[in-house]
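Required output: the full structure, derived from the provided sequences and hints.
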Amino acid sequence: MAGEWWSDLREAGDWSQYGKVLGEFRVRYTYPTLQLRERADEVLDHTPELKRVLGAAPSGTTFCNHSSSNRGTAPDWRYVELLLRIATRKHALLTKAPDQGDALVGWWAQQHQRLGGSIGTFRVTASPDVPQELIEAFGGPAAGTTPPRTPPTETVDGPGPVAEPAVPRPRPAAPSPPSPAVAPVLIGSLPTRASAFQDRTGVRDKVDRACEGRATTAMTQVFSGGGGVGKSQLAASYAHQALAAGTEVVVWVDAAESDQITTLYAQAARRLEVASTGSENAESDARAFMDWLSTTTRSWLVVLDDLTDLDAADAWWPPPALTGNGRVLATTRRREALLSGAGRTVIPVDTYTPDEAAAYLHERLTAEGITDPPEDHAALATALGHLPLALSHAAAYMINEGVSSSEYLDLFTDSTRRLVDVMPRGADTERYGREVAAALLLSLDAAQKSDPVGLATPALRLAAVLDPAGHPRTLWASASLDAHMRAQRGEQADSGPAPTGAARSALRLLHRYGLLTDDARNGARAVQIHALTARAALEITPPTELPAIVDAAANALVEIWPEADHTDRELHAVLRANTDVLHTHAGDLLWHADRRDVLYRTGQNLSNTGLYAAAAIYWQRLAAESERLLGSEHPDTVIAWANLAASYGRAGRTEEAIGIEERVVAVRERLLGSDHLGTVRGWANLAVSYGHAGRVQEAVGIEERVVAVRERLLGSEHPDTAIAWANLAASYGRAGRTEEAIGIAERVVAVRERLLGSDHLDTVRGWANLAVSYGHAGRVQEAVGIEEQVMADRERLLGPDHPDTVLARGNLSVSYAEAGRVQEAIGIGERVVADRERLLGSDHPDTVRARGNLAVSYAEAGRVQEAIGIEGRVVADCERLLGSDHPDTVRARGNLAVSYAEAGRVQEAIGMGEQVVADSERLLGPDHPDTVRARENLAAMRDE
Numbered sequence: 012m013a014g015e016w017w018s019d020l021r022e023a024g025d026w027s028q029y030g031k032v033l034g035e036f037r038v039r040y041t042y043p044t045l046q047l048r049e050r051a052d053e054v055l056d057h058t059p060e061l062k063r064v065l066g067a068a069p070s071g072t073t074f075c076n077h078s079s080s081n082r083g084t085a086p087d088w089r090y091v092e093l094l095l096r097i098a099t100r101k102h103a104l105l106t107k108a109p110d111q112g113d114a115l116v117g118w119w120a121q122q123h124q125r126l127g128g129s130i131g132t133f134r135v136t137a138s139p140d141v142p143q144e145l146i147e148a149f150g151g152p153a154a155g156t157t158p159p160r161t162p163p164t165e166t167v168d169g170p171g172p173v174a175e176p177a178v179p180r181p182r183p184a185a186p187s188p189p190s191p192a193v194a195p196v197l198i199g200s201l202p203t204r205a206s207a208f209q210d211r212t213g214v215r216d217k218v219d220r221a222c223e224g225r226a227t228t229a230m231t232q233v234f235s236g237g238g239g240v241g242k243s244q245l246a247a248s249y250a251h252q253a254l255a256a257g258t259e260v261v262v263w264v265d266a267a268e269s270d271q272i273t274t275l276y277a278q279a280a281r282r283l284e285v286a287s288t289g290s291e292n293a294e295s296d297a298r299a300f301m302d303w304l305s306t307t308t309r310s311w312l313v314v315l316d317d318l319t320d321l322d323a324a325d326a327w328w329p330p331p332a333l334t335g336n337g338r339v340l341a342t343t344r345r346r347e348a349l350l351s352g353a354g355r356t357v358i359p360v361d362t363y364t365p366d367e368a369a370a371y372l373h374e375r376l377t378a379e380g381i382t383d384p385p386e387d388h389a390a391l392a393t394a395l396g397h398l399p400l401a402l403s404h405a406a407a408y409m410i411n412e413g414v415s416s417s418e419y420l421d422l423f424t425d426s427t428r429r430l431v432d433v434m435p436r437g438a439d440t441e442r443y444g445r446e447v448a449a450a451l452l453l454s455l456d457a458a459q460k461s462d463p464v465g466l467a468t469p470a471l472r473l474a475a476v477l478d479p480a481g482h483p484r485t486l487w488a489s490a491s492l493d494a495h496m497r498a499q500r501g502e503q504a505d506s507g508p509a510p511t512g513a514a515r516s517a518l519r520l521l522h523r524y525g526l527l528t529d530d531a532r533n534g535a536r537a538v539q540i541h542a543l544t545a546r547a548a549l550e551i552t553p554p555t556e557l558p559a560i561v562d563a564a565a566n567a568l569v570e571i572w573p574e575a576d577h578t579d580r581e582l583h584a585v586l587r588a589n590t591d592v593l594h595t596h597a598g599d600l601l602w603h604a605d606r607r608d609v610l611y612r613t614g615q616n617l618s619n620t621g622l623y624a625a626a627a628i629y630w631q632r633l634a635a636e637s638e639r640l641l642g643s644e645h646p647d648t649v650i651a652w653a654n655l656a657a658s659y660g661r662a663g664r665t666e667e668a669i670g671i672e673e674r675v676v677a678v679r680e681r682l683l684g685s686d687h688l689g690t691v692r693g694w695a696n697l698a699v700s701y702g703h704a705g706r707v708q709e710a711v712g713i714e715e716r717v718v719a720v721r722e723r724l725l726g727s728e729h730p731d732t733a734i735a736w737a738n739l740a741a742s743y744g745r746a747g748r749t750e751e752a753i754g755i756a757e758r759v760v761a762v763r764e765r766l767l768g769s770d771h772l773d774t775v776r777g778w779a780n781l782a783v784s785y786g787h788a789g790r791v792q793e794a795v796g797i798e799e800q801v802m803a804d805r806e807r808l809l810g811p812d813h814p815d816t817v818l819a820r821g822n823l824s825v826s827y828a829e830a831g832r833v834q835e836a837i838g839i840g841e842r843v844v845a846d847r848e849r850l851l852g853s854d855h856p857d858t859v860r861a862r863g864n865l866a867v868s869y870a871e872a873g874r875v876q877e878a879i880g881i882e883g884r885v886v887a888d889c890e891r892l893l894g895s896d897h898p899d900t901v902r903a904r905g906n907l908a909v910s911y912a913e914a915g916r917v918q919e920a921i922g923m924g925e926q927v928v929a930d931s932e933r934l935l936g937p938d939h940p941d942t943v944r945a946r947e948n949l950a951a952m953r954d955e
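Sequential numbering from 12 applies to the sequence shown in my numbering.
Hints in this document: simulated from the structure, not taken from any laboratory. Keep in mind that the hints are not guaranteed to be accurate.
[To be verified] Here are the computed distance ranges between Cβ atoms for each label pair:
1. Cys-222 to Gly-257: 14 to 20 Å
2. Ala-788 to Glu-835: 18 to 24 Å
3. Glu-294 to Gln-252: 27 to 33 Å
4. Glu-764 to Val-917: 30 to 36 Å
Note that the structure is predicted; figures quoted are calculated from it, not measured. Think of the CB as a built atom: it goes at the ideal place given N, C-alpha and C, for glycine as much as any other residue.
Written out as structure tokens, the structure is:
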């Protein structure tokens, strides 16, 4: 077993050269005898030169960490030989005895195999003359015992160094009789145990459950999962475990091609003397081996790794062992019913759990002296999608290049770098045998040739531009994706046109070949793809094909998006997430006229589902992009700005909303004319913002004009006309024109009930506005009845946390207080404050208003000091957020003044009350209900 670069070891006199050799040669984890750990320090103490040259392993403990049983399952024989020969060389020099290197190396290999380890193709016979102190130093048998002399078993076709070059010789006239195979027998190239191997407890539990209650004759499990999830490593760990436990025959088959199964089975038959060594009929020999499996009394394990062609492999599944001593494991990327036939159990294998991924990085990197914070390991593991293949390559890259987890994360997330840059072939320390991208897409060629022929690649590329966390399977039933698939198939003259439903068929094809997952149990995220598989697919997608992919994905998302934004909150969230990912991949391509509808639909959905702050951020970004790409006065840019203004308004940023809306109106007036419906809509939005800002008379003037124009252009019963009337009614109410507001609101409700139905959100909104007007008119019981129904409808239609539902709850609380149901008002009011602080933030005007209403209820309940504390804060917040002249600010001062009076602070109350009366008369007019109430309150204070 002489190594090419240490062949002169026995004659060497300069020990320092081995220090250099070890410094340049990366130490691989080995699997020595289990006793080595106990005697490692003694070995090093007897060989100071060895201790000195092993600069990276100054102690026996560290030495064993580099060669412990949980680090690997087959030694790097060059490393083992180097260590042992240095030790025997030193012993020979000290004792002036012959160098026993050959004997010790052979003995060590023999002991290693006896304990269940693999020795590759290495074969050497140990000499009985190994010095006992050397054997003991390396953890061998105690004095007086003799180690077994059986030569180690060699694998049939496993790679590895050989003892010496073979010398050609004439073929004998007749073969000598074969020697019986000696247990344990390993047939095939069993992979080494991965560095920092994770035991995958969750998967092993599934395996154990699958074995419970099953006859041992049917012990066949199939590990099914996508590329790089560690299926082969897991199967290899079971194989090594079987060898260590004394299983007599272990067969490892690389089953990617069916003929490899036949070949390996035939070799096993000859090795076990089931077939003649001179036989040339591989298939016959393979069947003889299968017959042997079913009848032998010897224990066995057959592993079929990477099954790809299930139809071709179907005839080669090992049969049940009649004696109950056999077991079969298989790994595959495929997912289909054929795998679970004939009593087989399919065990899904996914990526590492977050804990397993972080533990892998910690163990792998710490062993190499890279000590990163645990949170950095967790962040990197998350970015890599907890994929064992990716984690292995990343760790090797970090070790080779000397970078930390955070530094590597920056490299990995750099969009200008390809996978081959951050996970190069040279980082394949675990012998996956392929670059990461190639490994992930290994089954794509086979899928592309399967029915529906030619659609696997286009389907995978389309899935790759969507959210890896999942998208609805209904997307694949859309007309947009079906048309895209038919177009892709049509480009291939030899394939012919694809039938209707081709997209759905292509999806199932990708699922069967393990390139993505299609599982209805995941709801709106039924179709999932690993982020690295998506990245690999996109990296091989020609740039010329991306526009068509983006077009199909964008149109399909719009096609399946429900018209009503309140129907399925989870589905809407998933559709928004997929739009964001598509936008990231597509960039400016998504701004093509036929594709950008999905961008606007996403923004509208954010607003309509009550995510006002998120909507404002989204529209701000979208408006800026539109202005950059389309120009500042393009109609779609103006729409984006208008939507941004509406989001600002709902988020309580009223002045910012007004500034944008005034600009929108000016642009539309100039480009479209005053009677264009887009211009009219701009004026209507501006009026709403004026109302929120307390500029009530300006709002009324605009809304009266909007009503007139819409009635003329659209008719009196058009939904947009009804909206105009509803807005006007709200402004009339703010202006104190309560009876006019009630008349309009009742008309709006009647029209909406008839045209839209009672469950339409606009109808419910109409009833809510009417109830507010009833309350202003003192018709409190009517208001309470309506508001109770509105709250129930909104909870049912929008959910309990939608801002409109919280608003309905707040209105009901106010009406309860006015009706004398104070304790009920307080209970609801406290919930409304908490909800608004959580959903809108503590500084949103609606949150401040809710606090003010709660304080009024506290005062009605006699909790005056609590009321004063809250009202003082409300006044300060209103002045800061709305300005001192806003009607809400004046109203808040009036409430505080009343509480001062009830607390006996009459002079303070009168002084504040006088200011409230003056402000109300100036801002609202002498006849406004708020002004009248302010004068009545002031008079009562003066009478106290």
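Outcome for the supplied range 27 to 33 Å, where the beta carbon pair is Glu-294 and Gln-252
31 Å, holds
Holds or violated: 30 to 36 Å for the Cβ distance of Glu-764 and Val-917?
At roughly 50 Å between Cβ atoms, Val-917 and Glu-764 fall outside 30 to 36 Å, so the hint is violated.
Using the C-beta atoms of Ala-788 and Glu-835, is the stated range 18 to 24 Å upheld?
The hint (18 to 24 Å, Cβ to Cβ) holds, given that Ala-788 and Glu-835 are roughly 22 Å apart.
May I ask you to test the hint 14 to 20 Å on the CB atoms belonging to Cys-222 and Gly-257?
18 Å, holds
When held up to the earlier numbered hints, the structure conflicts with hint 4 and nothing else.
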